[in-house]
Amino acid sequence: MKQQTDDWVTILKQDLGVLSKAFSTKAGSTPALVPGERRTVAVLFTDLKGFTSISEKLDHEIVHSITSSVMSGLSRLVEFHGGYVDKFEGDRIMALFGAEKAHENDCVRAVSCAVSMIDMVQEFASVLRDRGLSIDARSGVSYGDVTVAPDPSGHMTATGDKVNIASRMEEMAETGTVLVTGAVRDTAGGLFEWEDLGRVSVRGKKEPVHAFRPTGPGTAQIERWERAKKLASVPFVGRKKELSELEDLLNKQSGSTVEYNRRGGAKHIFIGVQGVAGIGKSRLIHEFRKYPDLHSDGALVLKAGCASYAQPPLWLILSLIRNWLDPGTTGFQTGEIIRSRLKDLLGSNDADGGTIRDNSIESLALLLSSEGKGLPSSSPDVSEDEARLQLLSSLSDLVRVLSDSSKRLVVILDDIHWIDSASREVVEFLAANCNTRLPILFILMYRPEPRTGRDIIESLPEEYTIANKIILEEIDPESSRVLIRYLLGAGSSPAQSVSEDIIEFLFESSGGNAFFIEELVLGLTENGLLEQDAAGEWILRASPESIIIPRSVKGLIRARTDQLPSEPRRLLQIASVLGEEFNPEVLFQVAEDTGLEENPDGPFRELLDRGFFVHDDEKHDVVGFEHVLARDAVYETILRQNRRFLHSLCANAIIKHEENDPNLAGSIARHLSDAGEIENAIPWGIRALNLATGRYDREAVLFWSGKLESWIREELDSADDAMLLIEVLMKRQKIEGLRLERQEQHATLEKIDDLITRWNLSDLQAGFIMTVGSMHRRADDLPEALEKFERSLELYRQSEDRSGIARATSAIAMCKKQMGLVREAAEEQADAVSLFRELEDTQNIPRALFRLASTMHLLGRYEDGLNILNEALELAREAGNRTVEANILNQRGVLQLILSAHEQALSSQQSALILSREIGDKAGELSSLNSMCNALYRMSRNDEAREFGLETLQASRELGERRTEANVLNTLGLVEWGMDRDQAFEYFGESLKAQAKIGNKTGQAAVLWNLGLLSFDLLCFEDGIEYCWKSIELYKELGNRRRVAEKLTIHSITLTEMGRIDEAAACLEEYENDFRDINDSKTLLRHIFARGEFALRNGELGKAEDYYIKSIELARETNTNVTVAQSLQNIGLIRLEQGRAEEAKEYLKKGFEAVDGVEFLETYIACAEYLLMADRKEEATQFARKAYARAEAAGNRKTMNRVDDILKELVE
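Sequential numbering from 1 applies to the sequence shown in my numbering.
Just so you know, not all the hints are guaranteed correct.
What the hints assert, rightly or not - Restraint ranges, calculated between C-beta atoms of paired labels, are given here:
hint: 1; residue 1: 599; residue 2: 656; range: 35 to 45 Å
hint: 2; residue 1: 954; residue 2: 1204; range: 16 to 26 Å
hint: 3; residue 1: 260; residue 2: 615; range: 39 to 49 Å
hint: 4; residue 1: 65; residue 2: 499; range: 30 to 40 Å
hint: 5; residue 1: 742; residue 2: 678; range: 30 to 40 Å
As the list claims (entries may be wrong) - Here are the simulated lysine-lysine pairs, DSS-like style, with alpha carbons at most 25 Å apart:
hint: 6; residue 1: 1186; residue 2: 1150
hint: 7; residue 1: 751; residue 2: 707
hint: 8; residue 1: 252; residue 2: 241
Hints were generated in silico from the structure; no laboratory data involved.
Here the structure is a predicted model, which means the values were calculated and not measured.
Virtual Cβ for every residue (Gly too), placed ideally from N, Cα, C.
Based on the sequences and whatever the hints tell you, model everything.
Written out as structure tokens, the structure is:
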């Protein structure tokens, strides 16, 4: 028994192997299309009952004669109703409606036929009854998709679930009745009276089927199929209001109505033309473009549209530029040709338009050329964000020049619901960053439900745009009446003899959708159901009630396509596999490969003439389906096996004719995937992924990485495959990191780690660990990040990868700087700089120098840092790295501010701001705005600081930059501190909530610290202590030792001031025990000063003075003038305590003159003491009262008594 089972298994496997070969297309093989189609049909079964008893009573010849007569009659009924007899099974007949040709009422035909069959059999029965014989019949009907194909004998038959259900309906029907499924009932509608039998169990089906019984016969249909006519062109109707709105927008492009944004550029005008498929968007814009102002000298109209199938990144933008650059050009050209063409066109513009930068022309030439393969940057050393901003800046530069050199610029973008995310980013970038003298009018055409789920018009920033929508509804009955008369007219004249019944029927059936009206008229006229009689009057060859409109427009289109001759119909199916739009040359190539018998040009012309295909007005080498629904309807008729075969041929034809166009890589990959040729699809998918990565289309990167992962895992059987998959996943995790999708990024990194381990890919280990370390550093998990970077460095050293060593060393330095190990960080960053210099890495040298300068900042070596930044600035400019250049300028401003070069600092930061805006670096712009706010605050120009802070806040909210929003709220709190402390407290509170919401613990710690210090100023000391401790604990949790050390020293000063000496001592002791290795200059300065304060409060005057002298030296080195002033004052107080009044007065005077704005208890006391000695009693009294109030709020009785003595002396 076991042997027999094994034999059957072997045979089954062999048969399945043969079957699988029939479904694959291998290189070198020339399979043919399998005959057959997928069709939506009505399936009818009728079974004769009673023939068994007749056979017992009559001779078999007589029985055969009776059976043949009955079956012949039933066959004639099927043909009469426009059906097709599939087969006879003894005394049972199976018929199909819509299998050979789709009709607009196949379900009605099938039910009418079934009812007529029952009636015919009953008439036969009445004749036989007189001879003592009895027969009857029952029928079942179902409706849905089946495969219609020849059986082994060549007979066309249908197979599929709907066939089985129709058979079961027949078996379950009572004798003399018809039983149908719910789909039949829904489609046939009110043309029959129905008895609802509810949901019934069907043999072989898990779920019950809703069954109905027709209780009355249908109306016989009049059928004529021989006529098809091309419809006349029609006038523009029903959209005068919308057309007027568009024309009014042209007036807003000039004159006194122009509005301007905060940067001085014109606010661009965006109008969305929104409506469902076929509602009339394209026709509206076609009529708008006839407006005379759009054809006057100096007017420029640019138009492009999105594609629905395998659309590559930046497709819309590339199409727009090419349509302007040279509408007659097809395919990719060399960079030199494009560069020359750009210079010619832009050079001929009016001088008022300004000039385009040379590097913008280079970037555009590379983007559009065959050498660039559609990528904006060919340098592997340029980061994604830098190259993205370079591209966006170049595109903005081009549009700016085109606008300013034209009297008006109108940009029309069609089918925006299919826009790729990279093109969408460009449109939104232009809206907010392209500063022009006059507004650009952008017209966006789209359906109500964009792929992204966001309406592009509603997402535009109102600060930079004027955005509105025109929502197209169905045309009104009167406009529909005009449209229908013109559709049925001759030439440009409307038809006069059309009955109101026909017009009402067509309007109600179409719902007022212009495209549906057109398709309905085409379907009915081509089927002969709507035609002119001898008198020229349009008549319906059946009552409107008896004509069932298909449940979707697809049914109408299929009914039309079935009227085509075989060759045009076959060519139409091939085109549907290529997609909604295609190159005719590629179509002809595929047609030739499938063995189309006649020259495809003839069928192609016929399809154009009949309106199935339309030429693209903008892209001369592209033809498309009249509507995407038409393409879908045709595609769904193709057998899946044939689809796979045709997809393979399409891929090969595209490669043959357009392999130099990188935008088609995604289309080729999808065709090969749909053909089941996964191994061949992978390389093209990799090209599509790289294209998306180069164009910063994050959605496309996620899409293609997901596709490629599934494909590669199917073929994963070698280390090379694993390395390819890792490359794909690395691109994905980078995008997930940028989108702050931490869980998804972590999951992707785990997949990479698993692949590296499983395939023993040790060469990739170092880079992977670096990536994980960067993820931890961005998440503020510094100890974990440092461990990863050090492990990566070890691996790079083992493999002697000098570039990797340099990168890992730089990353370690950055991490240590954040952790407070600043001297070590400086040494290691300097090592990284040296390594990059040895490697002549022009992109990384300025980056590493920038990082080194920021470390010098923390060490208080401001002049050294400034010199390093100046060198880095020069190198960044030489390398053309404008993003790094902007960052360097910003940091240079920070150091110049510290060195009191205020005007130079502002100039540097303004240059950084301008540059960031030029290149569209929003993060850089926000950083520069925030730096300007900080700089002006430190220069006590608080009104200006507030203005920049509010602008930063507004811009960050516009862009959805929640981290920047949270940080600038903190900065605004600092600005308001000296003017409105309640407002400052409110800003800090908002910032704390915002930081917590985005999970930024570093930001939370910074804001908590500021809340603590502000609470002290508001004399809420207990609240202040709590805030400060929370801040310190958060920094400890994050492993940021430098901040912990810094805050412990500052907090010890506050605790000392409050007289909480034990707690202050604990802070200093913790610093001494755990943080002595934190060696940046400012932290060291704060610690020395804190030691002085502690010694002074404990009466250790000599020790305190030593600390203050050291703090003065270090404060002057680091340009920390406030600490110099405080230390001088405290030495003055010591001298006063020692009875050395003249020396005390001198120190107190120096301190008083430099201490403006510092609000500490000891500062108040020192100022009061000096002013008392200078006999400026009124001012001294003010400071003494401030000191007393602060000491009282802190509960510091000792200091209160001390100040009370000063006040008494002032009274005396």
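Consistency of the hints with the structure:
1. Taken as a hint, the range 35 to 45 Å is violated for the pair residue 599 and residue 656, whose Cβ atoms sit roughly 19 Å apart.
2. Taking 16 to 26 Å as the suggested C-beta distance range, the pair residue 954 and residue 1204 does not conform, at roughly 50 Å.
3. Against the hinted window of 39 to 49 Å, the Cβ-Cβ separation of residue 260 and residue 615 comes to about 41 Å, which satisfies the hint.
4. Evaluation of the 30 to 40 Å hint for residue 65 and residue 499 yields a failure: the beta carbon distance comes to about 50 Å.
5. For the pair residue 742 and residue 678, the supplied restraint of 30 to 40 Å holds, since their beta-carbon distance comes to about 31 Å.
6. Annotation: proposed proximity of residue 1186 to residue 1150 holds, straight-line Cα distance about 21 Å (limit 25 Å).
7. Restraint check for residue 751 and residue 707: satisfied, since their Cα atoms lie roughly 15 Å apart, inside the 25 Å limit.
8. Under the criterion of a C-alpha separation no larger than 25 Å, the hint pairing residue 252 with residue 241 is consistent with the structure, at around 17 Å.
Checked against the numbered hints above, the structure breaks hints 1, 2, 4 and satisfies the rest.
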